[in-house]
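Under this note's numbering, the sequence shown has 277 at position 277, and the numbering climbs by one with no breaks.
Be aware that one or more of the hints could be misleading.
For lysine to aspartate or glutamate, the following EDC-like pairs were computed, each having C-alpha atoms within a straight-line distance of at most 20 Å [stated by the list, open to error]:
#, residue 1, residue 2
1, Lys189, Asp158
2, Lys302, Asp254
3, Lys218, Asp158
4, Lys214, Asp158
5, Lys80, Asp103
6, Lys189, Glu223
7, Lys197, Glu186
8, Lys329, Asp354
9, Lys218, Asp228
10, Lys80, Glu142
11, Lys157, Glu249
12, Lys179, Glu195
13, Lys157, Asp138
14, Lys371, Asp267
15, Lys53, Asp158
16, Lys218, Asp232
17, Lys179, Asp138
18, Lys242, Asp146
19, Lys218, Glu202
20, Lys201, Asp138
21, Lys411, Glu370
22, Lys179, Asp118
23, Lys201, Asp232
24, Lys157, Glu191
The following label-pair restraints were derived from C-beta to C-beta distances [what the hints assert, rightly or not]:
#, residue 1, residue 2, range
25, Gly256, Pro393, 33 to 43 Å
26, Tyr117, Gly412, 22 to 32 Å
27, Gly395, Glu142, 47 to 57 Å
28, Asp267, Gly239, 49 to 59 Å
Just so you know, the hints here were simulated from the structure itself, not pulled from any lab data.
Just so it is clear, CB atoms sit at the ideal spot from N, CA and C, and this is done for glycine as well.
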Amino acid sequence: MNRNVISIVLGGGRGTRLFPLTFTRSKPAVPIAGKYRLVDIPISNCLNSGLNKILVLTQFNSASLNSHIKNSYHFDIFSKGFVDILAAEQNVENESWYQGTADAVRQSMKHLEKYDYDYILILSGDQLYQMDFREMLDFHIENGGDLTIATIPVNAKDATGFGILKSDDEGNITSFYEKPGYDTLEGLKSEVSDENKQKGKEFLASMGIYIFTKNILKKMFGEGAGDDFGKDIIPSSIGKYKTLSYQYEGYWTDIGTIESFYEANLDLCLDLPQFNLFSSSPIYTRARMLPPSKINGSYVSKAVFGDGCIIMADKIENSVIGNRTRIDKGSTIVNSYVMGADFYQNTTEIVMNDRSGRPNMGIGKYCYIEKAILDKNCYIGDNVKIIGGKHIPDGDYGTHSVQDGIVVVKKGAVLPPGTHIG
């Protein structure tokens, strides 16, 4: 089929629910799985689907995201493919920044005129999933869709946190409710597989993945349909345009909160994780040319390691350890995500710090860390204890914050020797 497609990855807004991980970076730039960034997921899904014309729309805290895109995605001179940044801009026609997901795409349409495309694939930059977009595109074309929305079956408990669509037997969307209450759910059940019915997953949630036929999207924007896809564009399209539901049966999670981010990373440590890093569809990222990780005298169980780590810990269990992480002897890491470092300290600096009692980058001797996320470039002194849990009140504590009992040590934070958290 003709799959003349341009893909647009939305770079995200302020990402306040992922604070402090989004204090200096946008949501799509947040490190995940020890060596990737969240934006690598939608871009890799596109490339694995044979779609290589990709634009990433950025606005808030975009410096690290821009740098990652620039350093990661290069095509040879004979390819028409690209992964380019399209930054928010003020101009004589519009002095405001992006006002929502749809407004971001609307303001960018003039930049798409130089490309030859028939369909626009719109993706979120902060989700974890593996999907072949060619199947969704074929569904859209075969059924004559104007707008196709990727949906995933969810149960009643989860349905109240999503935009819920109701579809008929042919996949046409007949109604849409943004985060409906429990009292309105009963009439919103859709036809799903028998397996999902048995699990109580009879409600179709929007995944924030859309395919528009080019001329239809232009027409919608010309009608002034609103600034947001979920709140404005989708509800106004139902009954007016052929709006279809494409049901996806695989693993998908929205990385919207610290808790969901934490759980998605630790799930990778399971024997059979829901997100398969070891599939034939690779996740692309920046090639850092780091040495292999070195582990000496450590008990390790259910752990994922990035590249270039130097590990002398006593025990690492059910944890993700990111690139360039250093963990000294006698330390224990349990149920945690240590993001690692952007660079190595030189030997002279390490020796001077040891003499003066200052922490080195990484995790010092005889530390105990449980239920925590350590952002990049942290300096954790000897004998530091971090024990997350519901016993710690949520809040911001300077060097760290706590959300849902998860301790998040901020990027570049220094925890002196003997510090106790929790």
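Outcome of the hint check:
no.: 1; hint: Lys189 / Asp158; result: holds (13 Å)
no.: 2; hint: Lys302 / Asp254; result: violated (23 Å)
no.: 3; hint: Lys218 / Asp158; result: violated (33 Å)
no.: 4; hint: Lys214 / Asp158; result: violated (32 Å)
no.: 5; hint: Lys80 / Asp103; result: violated (27 Å)
no.: 6; hint: Lys189 / Glu223; result: violated (31 Å)
no.: 7; hint: Lys197 / Glu186; result: holds (14 Å)
no.: 8; hint: Lys329 / Asp354; result: holds (14 Å)
no.: 9; hint: Lys218 / Asp228; result: holds (15 Å)
no.: 10; hint: Lys80 / Glu142; result: violated (26 Å)
no.: 11; hint: Lys157 / Glu249; result: holds (18 Å)
no.: 12; hint: Lys179 / Glu195; result: violated (24 Å)
no.: 13; hint: Lys157 / Asp138; result: violated (32 Å)
no.: 14; hint: Lys371 / Asp267; result: holds (13 Å)
no.: 15; hint: Lys53 / Asp158; result: violated (34 Å)
no.: 16; hint: Lys218 / Asp232; result: holds (15 Å)
no.: 17; hint: Lys179 / Asp138; result: violated (29 Å)
no.: 18; hint: Lys242 / Asp146; result: holds (5 Å)
no.: 19; hint: Lys218 / Glu202; result: violated (33 Å)
no.: 20; hint: Lys201 / Asp138; result: violated (25 Å)
no.: 21; hint: Lys411 / Glu370; result: holds (18 Å)
no.: 22; hint: Lys179 / Asp118; result: violated (32 Å)
no.: 23; hint: Lys201 / Asp232; result: violated (26 Å)
no.: 24; hint: Lys157 / Glu191; result: holds (18 Å)
no.: 25; hint: Gly256 / Pro393: 33 to 43 Å; result: violated (22 Å)
no.: 26; hint: Tyr117 / Gly412: 22 to 32 Å; result: violated (42 Å)
no.: 27; hint: Gly395 / Glu142: 47 to 57 Å; result: holds (52 Å)
no.: 28; hint: Asp267 / Gly239: 49 to 59 Å; result: violated (39 Å)
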